[in-house]
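**Q** Using UniProt numbering, you'd call the opening residue of the first sequence number 1 and step up by one each time.
Worth flagging that the hints you see were computed from the coordinates, not collected in a lab. There's no promise every hint is true.
With a straight-line cut-off of 27 angstroms between C-alpha atoms, the simulated DSS-like cross-links for lysine-lysine are [what the hints assert, rightly or not]:
(1) Lys426 - Lys176
(2) Lys426 - Lys171
(3) Lys426 - Lys113
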Amino acid sequence: MSKATKQPFPALPAQVDLPSVEHEVLRRWSEQKVFERSLEQTQGGPNWVFFEGPPTANGTPGVHHVEARVFKDVFPRFKTMKGFHVDRKAGWDCHGLPVEVAVEKELGLSGKKDIETFGVAEFNARCRESVLRNVDAFTAMTERMGYWVNMDEAYRTMDPEYVESVWWSLKQIWDKGLLTQDYRISPYCPRCGTTLSDHELAQGYETVTDPSVYVRFPLTSGPLAEEGRGAALLVWTTTPWTLVSNTAVAVHPGVDYVVATDGTERLVVAEPLVGAALGEGWEPTGERFTGAEMERWTYRRPFGLVEFDEPAHFVVLADYVTVEDGTGLVHQSPAFGADDMAVCRAYGLPVVNPVRADGTFEEHLDLVGGEFFKTADQKLVADLKERGLLFRHLAYEHSYPHCWRCHTALLYYALPSWYIRTTAIKDRLLAENATTNWVPSNVKDGRYGEWLRNNIDWALSRSRYWGTPLPIWEFPDGRQICVGSLKELGELSGQDLSNLDPHRPYVDDVVIPDPDADPSLPLEQRVARRVPEVIDVWFDSGAMPFAQWGAPHRNRETFEANFPGQYICEAIDQTRGWFYSMMTVSTLVFGESSYENVVCLGHILAEDGRKMSKHLGNILEPMPVMERHGADALRWFMAASGSPWMPRRVGHAALEEIVRKVLLTYYNTASFFTLYANAGQAWSHDRLADAPAPADRPLLDRWLLSELNTLVTTVDEALERFDPAVAGRALTAFVDDLSNWYVRRSRRRFWAGAETPEGAAAFATLFECLETVTLLMAPIVPFLTDHVWDALRRPDAPESVHLAAWPVADESLIDTGLSEQMALVRRLVELGRAARADSNQRTRQPLARVLVGAPGFEALPEQLRAQITDELNVLQLDPLSVVGGDLVDYSVKPNFRALGKRFGKGTPPVAKAVQAADAKALVERLRAEGGASVDVDGETVALSPDEVLVTEQPREGWAVASESGETVALDLELTPELRRAGLAREVVRLVQDARKSSGLDISDRIELWWSATDATTAQAVAEHAAAIGGEVLAATLAEGAPEGESHEVVSEDFGITLHLRRA
RNA sequence: GGGCGUAUAGCUCAGUCGGUUAGAGCGCAUCCCUGAUAAGGAUGAGGCCCCAGGUUCAAGUCCUGGUACGCCCA
């Protein structure tokens, strides 16, 4: 292509395939290393620290993963454009039970015994492989969606450096005395020999029938324990087997308990349950006690099968006791219930557990020795009955958790466990939370604050395999050492461990010899071995601010420069997960939270409003969705559709709408611009300087620039508040204004070229708006904006929009008065179109006159009035008042907003007076004198024009539309001249359609012939020949038909045949 | 059972400082406009702003209590 014909802009064809544009942009980003350069470019700028919450690399990524990843991308891009340096290190959460379960399924293993038979080393190797496989799928999705994050240097929680950092932090906590051992009640499958996670628990509920027994516990101390007439506590349980280890009875301190009798015995029950628990024939004796008064009364336990070394078997107080069912007296066995454990621990009661890990009672016990816990119920109940302790025995149907693998009834079971005493730093956590910015704000004091205020110690250990091993070594005598690094472990164990894989089983083989031990003892008694547990994966991920750098053993400075972080974001389900672990680990180790701003997203639902699940078949796979609609459409949906903090439904319909209404409208405006700028090389960047200063441009341009600069402020403020939905709504509205009002109203100026000041202004204004809106949209839809940027950018502008600076609003161009006036113009145009539609008067037919009655109309400048006449295709525009008099009806209504402000309580009578007043007289006085008065209960009240809403309507011969006190009336009388002008426009449209359908370029000149069978049409064409010819770029216009080839158009409606061809 | 959130047109959702004719999009019907557009515009049908109290001259909006649904926790 020769220089002379080179077009100023690369073409942006009207037809565009968004996904293929995105692939092209991805290629360019990679070739030009745009992400890397955006980081280099901001190297000297202030840090804005973002922490990547590592997705669990378990299973393939779903569309819900895109949600958080969009938010993780939008704000770093935004801040980068504002000059901040935003390092983005990817990360992968590698450990944990979900990985183990997936691998177990793959290998066909069931439970811990199987894993140990299979071999822990091999099992963990498979876990590692599984994680790496899924990381690849996440990487592909991450790249495709345009999430800029450094995946080449991603941290992985399974890497030795990461594990070492976690060890270091655990040692800090250990040194503070906050890492301790205690019992923990976990749902436990005795057959598989494993505890189950909450998630597993949820899959295994089954409805079963258990015994429901009411048992007498005779009192042995307290006011009711007298010899002979002693009363008994009536205690209810559905797990008779736990009565073997009964430790206490809990009552609610605030509930009233009474003694009831049937004449032979006396039983204590909660007052509201007397009838339900005892049945007919029982009368209260009048003795009553609050739960609090019963504290520490002792009783005789139901079974004497196990030994208690410490005092037990008395009444304790617990708030969780209810009077919903049972007797209001709850049997306590701390080894088998979390509530029981908490309550009994508070009283210093022992944890007695006669059930072994396989679910059977210890062999040496009488009655139930060796029996499986569940089947022991029968024998125990029979024994109670025999001894006269059983009061009632019923069947009780309820839902009870079972093992999802083998359907065995689960046991809530006390296992020794490691805890972090987070309750000791609760106040610090609350203080840190108080200074954290939560989005949306209600999470701070609501869901999250509530969780913190009810903080319980963090149960850290898991009896599993694929996790960060708890770095505690224990000597046979119970002394323990917490190890903070491999180096330290090497020194303690006397070997070089720098290349040790710090996972099980390898780390379990490392022993620490006791230098002071008697060398004659066998080796096992002279060395410390690691405790068997691994840790909760939430601790892994909560340690990422330092562990991602391997700090403090490595990269200490980098860590310190990037702590605390400014921004994290995940879905709402992370409130008690990552949001908590991130705040808590840092507060434990460093005394402060690791983040300042945290955004919690609502969940993504399927189009049918349900959760996506394989079972329901309503899963939307992210990669195919992005290939169909484009990643930008999905990104826009995630960032800007509805409220991100609420659950949202995603589906093809929603994405198609985004493509049509937002992305293509924006793109097509840019496409329009390049089409006309390129046509005859009408405009290029060097013409920017020729354009009139903004203040000297037409009002339409000044209006658009005003809207644009308002938009800059709105979008900037919204993104600063982490609210891309508000930004998105403002952008959508602006793009609509730009395309469907500014461009629509300016078409003629673009058509005419940039030679006149008006044309130069139009090109400059549209260019500036496209440039700025491209910048504003770039963080949300990085692909399409970069594609447009590349086509439109100035010669000296950065190669990518993502290397460009964020725009700053020019407030001097914001003119709110002009915005209001244009809004009025657009409302009046809508009313005019409505009036035309009502009277079936098509817009191409010019009309003589339009009348307008609306507050503010008189003040409209001529340029804005011209927009109305042009858009409505009328020759003359006048205020309704010019016809006035008897031709117009007036009605008035009170403006409550204005009146209420002034009169407050006195508003209704004034409003009534306005409604009652003679509308015409009132309006005339308001118009003539700028004020009027009405009579309110004998008093004269002065009113200003803005306190009265006036609606005026012409009486006859007009097409009228009116709304909210604004009226437009069209003169429907058509003169022959007007009819001919209308016909001429019909002809123009016919030719334009023909030009378009025959594939002519917009600037091609044509030859045009016409022949009319309708006399009026013939006259119209002859009369308007010059105008028609000019409008359709006809070099020649002749009556008749051409020789040779041409494009023919026949219109029977107008009785005309046209022929045209390229000149 | 507890905490948090949500409830507005057939569907998806806006609704500012409380202001008296509650909006948009989608869908449906009938028209209109168009030499950028896969667009745009008009009209019509479609509303117990979840229910009940309260505050207020005035409540979709603020308060209290319910109901339903969702999430988290027990």
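**Q** With reference to the structure, classify each hint as holding or not holding.
**A** Against the structure, the hints come out as follows:
1. Lys426 - Lys176: This hinted pair holds, its Cα atoms lying about 15 angstroms apart.
2. Lys426 - Lys171: Between Lys426 and Lys171 the Cα gap is close to 20 angstroms, so the pair holds against 27 angstroms.
3. Lys426 - Lys113: Violated: Lys426 and Lys113 sit about 39 angstroms apart, past 27 angstroms.
Hint 3 from the earlier list is the only one contradicted by this structure; the remaining hints agree with it.
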